[in-house]
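Undergrad: Note that the protein sequences, when read in sequence, are chains V, E and H.
Per this note's numbering, the very first residue in the first sequence carries number 1; after that it's consecutive.
Per this note's numbering, the very first residue in the second sequence carries number 1001; after that it's consecutive.
Per this note's numbering, the very first residue in the third sequence carries number 2001; after that it's consecutive.
Misleading hints may appear alongside valid ones.
Taking lysine to aspartate or glutamate pairs in the EDC-like style, the calculated list, with each CA pair at most 20 Å apart, reads [said to hold, decoys possible]:
#, chain 1, residue 1, chain 2, residue 2
1, V, 210, V, 23
2, H, 2323, H, 2277
3, V, 131, E, 1282
4, H, 2306, E, 1110
No lab work stands behind these hints, which were simulated from the structure alone.
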Amino acid sequence: MIKLENVTKRYGDKLVVDGLSLEVAEGEVCVLIGPSGCGKTTTLRMINRLVEPTSGRITVGDRDVRSAAPEELRRGLGYAIQSVGLFPHLTVAANIMTVPRLLGWERSRMRARVDELLTLVGLAPDAYATKYPRHLSGGEAQRVGVARALAADPPVLLMDEPFGAVDPLNRERLQGEFARIQRDLRKTVVFVTHDVDEAIRLADRIAVMKDGRLRQYDTPERLLDHPADKFVHDFMGADRALKRLGRVRVDTVMNTAVPRIDRSGGGAALTSPASCAVERFAYVVDAAGVMEGWSDCREPESSESPGSGVTLIDWREATVRPDDSLKEALSHMLELGFRRIAVTDDSGHLLGDVSLAEVEAALTGGDSHVATSPAGGLDR
Amino acid sequence: MVREPDNIDPGVSHLADRVGATGALIVLAGCALLPLYALRANRIVPGIAQPIAAGGPAAWVLVLLAMVALAAALRARGPSRARLELACAAGMIASLSWALAYAAANITPDPASPARVSIGAGAWLAIAGAAAVWFAATRSPMSRACRVGAAALVAVSWLAAGWWGGLARLSILREYSSQSDAFWNEVGTHLTLVGAALGLAIVIGVPLGILASRVLRVRRVTLSAVGLIQTIPSLALLGLLVLPLAALGLPGIGPLPAIIALTLYALLPIVRNTYLGLAQVDASAIDAGLGMGMSRSQVLTRVEAPLALPLVIEGVRAAAVMTIGIAAVVAFIGVGTLGVLIITGLGYQADDLILLGAVPMVLMAVVADALLRALGRFVTSPGIREEAR
Amino acid sequence: MRKRWRSTVTALAALALTLALVGCAAPAGNAGGGASSGTRGLIVVGSKIDGEGSILGQMIIAVLRQGGFTVEDRTRTGATDVVRKALLSGQIDIYPEYTANGLLVFNKSASVDPAILKDAQATYAEAARLDLPNGVVWLKPAPANNTWAVAVPRAFATANGIVSMADWAAYINKGGTVKIVGSQEFFASAAAMPAFEAAYGFKLTSGQIVALASGDTAATEKAASQGTSGANAAMAYGTDGTIAALDLVVLSDPKGAQPIYQPAPTVRKAIADKYPELATLLDPVFEKLTLETLQTLNGQVAVDGKDPKAVATEWLTSQGLLK
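Please model the complete structure; the sequences and the hints are all you need to start from.
TA: And the structure:
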């Protein structure tokens, strides 16, 4: 979809981008990463001609970017930047509709699109459409920025450290939202960041740059497992094993056949008698299947109350979701002091569990636990 | 006891309103120590002080309101204080107008006689004090209705005083009635000149300001040049224009040098504010606009202009107020305007004729200021408006 | 919101442009007064900015309008040099000027025979002759002599027995206290105070002089009348209307030391040639303007505060010159 062929940018004597060649396939998220001054932002801005290359060729969808006027090109490319750049004098809705207005959409179509986009980025349309940027928090503003970039439904998104100016908690949330949106929309995205964890979480492929040159362009797994040189190795960070865990989804490795006791029936019904007898452990669920805790499988004596031997927990605190990473699951386990942790859906229904055994297997088994689609990413 | 910081909002302050109290005291001082009205035997002899009672009941109402305002400033708190002070201020100006009208009508009942009653020093002090109380009151947040209501009260009382006939007997208005045609002519000339100069200054200055924000060299040259022009005294500028105009074969007196001079003076606020307005536009908004596919001119009209417009209107407002004042000077080169009345008044040593030239200019400036402020509010998007006071 | 903003800006820009264009065109056309329509042609009347100039200017306007001309009122044009420039550049067509100015202020290069200055008719003839090459035509002057004079408070005059300039000169030479207020020009111009000093044999020291920048006799007379800064004498003009009101007396000039300033209409040659009937209309008016008449009329404006236009028309009507 996007092809850079031997692109160079020179400012006077300074060589900012040096003979860069890479290709981004359709529907792929390509993350440009590297230390400050490596030319990643300049590269991004050459794609939509905010910066003109000194030499080389860039094509988007088989058209040379120079074949049309820059304005026309840019209207077909979504653009989101770190400082968001919302227009303070316009409402959120008017901001979002910037490119559609340039393209001449009609009113009703635009209004519908605003509602659609605000819902997509997780903001209630009724509340937010008429607000002004100065009333928005950093996270909300960035969401509007993403909505604005998506407004005209461009096939390509260019994003320059869009989550960089947001606090860590919100950044975490925004990354998750972005992943979710990308799963639905499958845009071709070129994303610049300097945060390795962010890159690993979101990218299909990562282009590591230094001094204007491309050092390695690969999937996150291969970058972590087989760095091309010492720079890439050091850049990806020391905790590569944990980062790898971050690429594995819980639902790809969890055990689904877990012993469960349905408490509603008085506490005695066992759905998997074998494991309970062997491991003396079962999860306790209610009639709807929502997890309530676990039991050590003691036979209920007549004099004892059904609740004995049961540890009750709040599923919101002590479980993980199926799309969480194995890294998060491990972190929870360590935090709670368990050797295994339950996996529930967003309403608390028990789906399965993961244990240290699965973690170990993911680390040592290498690629066998990783989803093997060509785009090999986490949040697909 | 905790000492309150001095910069707290005066509308909710727990301290007495010193500004309002001072204003009220000034009014009382004016009434007590100086004459409110002076009787002149004719236009040029100095006036003889008249007692305050000559103003009839309205004069005592004035004193009463001043005392109420003083009490309110010292004792009352919160939004009710502001409203009370504003009411008192409007009432004081209204009652002073009635007192002057009453005195003028009673002391000089014969319209044919050259004797006249003029505004005394005490009355000027009272006006100043009332203005101070008004200002103190409007510092606090107050609804639009209150402010407009107060202004309306004053206007209505002036009209009523004029209608009833008493106010027209006052010396300044006798000057007006003896040359009303000439007066309106000069007002028309004044407004036309100001309008032309402002129009030209906008048409030249705004593009210059835009250019200055883009090109560094233009910015330096332009801002220095218009700043330099401001330092030249107006009469001197008119004199300086004679030579270049003569070289071009154009007259050095008359409307042409007048408009040139006024336009030059009006340029600085407009050019500088246009430049500043554009300079304070968030650069990331411009980058986002360009990146999304706006052309340079679309960025200018859709992003930069709405954000810069409030400051530009500010500049026009400053230019308007300034030009209204400077326009009086062009009377020296034979163009007209209210300056003619001032010069003629100086020639006759007729103070009220001078006032007849000066006071309308002040009123015009006040009205222009208020109108342009309202315009500024109108064009400012709610997204960039500062929190309302 | 967007529509409202855009239409506002367009309206503002249009307004600015309109103001600029209209305002540029308008002052050339109608600053200074409306014209009333007549059948004969347009004449623009100017005048000096003082009271007498306004009255004379209004008289000219009233008479010309009655004569069927379309007249534009641009009286109170400015000081002497401004209104003269306006006449020469064609911005105005006619204004009342003083005969001696034609010799002493405007055509200064020609050397003046002092004998001419002492004779009213000779002054007028010479001024008219010298100005013709400048494109200015002088019509018949009024008999009033609005020349420089010294005015003193009546009480002071009675107390010291001073009636004429000769008495005043004697008083000064005896060492009497004198403080006279006048304009710079009055004390510097060879034809003004120095002429008095030469004729009556006295000399003012700088301590006896208070010089003002402008020549407003109202200011000087007021100062002498009230004794401001110790003043007890003032520069005055012969036809000033404020003298009696301020309780001053004018000192007579028996030796005729001063040039003769008679008011007369000065017209642009082109207009004078085009409308020779101007003389027929204006001569009868100016003939009747004696010193006393002008003093009375000036007094009505300066002291009583009447409108010069009203004063002019009332007088013209009372003289049967205006219907």
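Undergrad: Hint check: residue 131/V vs residue 1282/E, CA-CA at most 20 Å. Holds or violated?
TA: holds, 19 Å
Undergrad: With a cut-off of 20 Å on the C-alpha distance, tell me whether residue 2323/H and residue 2277/H pass.
TA: holds, 18 Å
Undergrad: Are the Cα atoms of residue 2306/H and residue 1110/E separated by 20 Å or less?
TA: Given pair residue 2306/H, residue 1110/E holds - Cα atoms ~15 Å apart, limit 20 Å.
Undergrad: Given the hint that residue 210/V pairs with residue 23/V, does the C-alpha gap stay at or below 20 Å?
TA: holds, 18 Å
Consistency note: the structure conflicts with none of the earlier hints.
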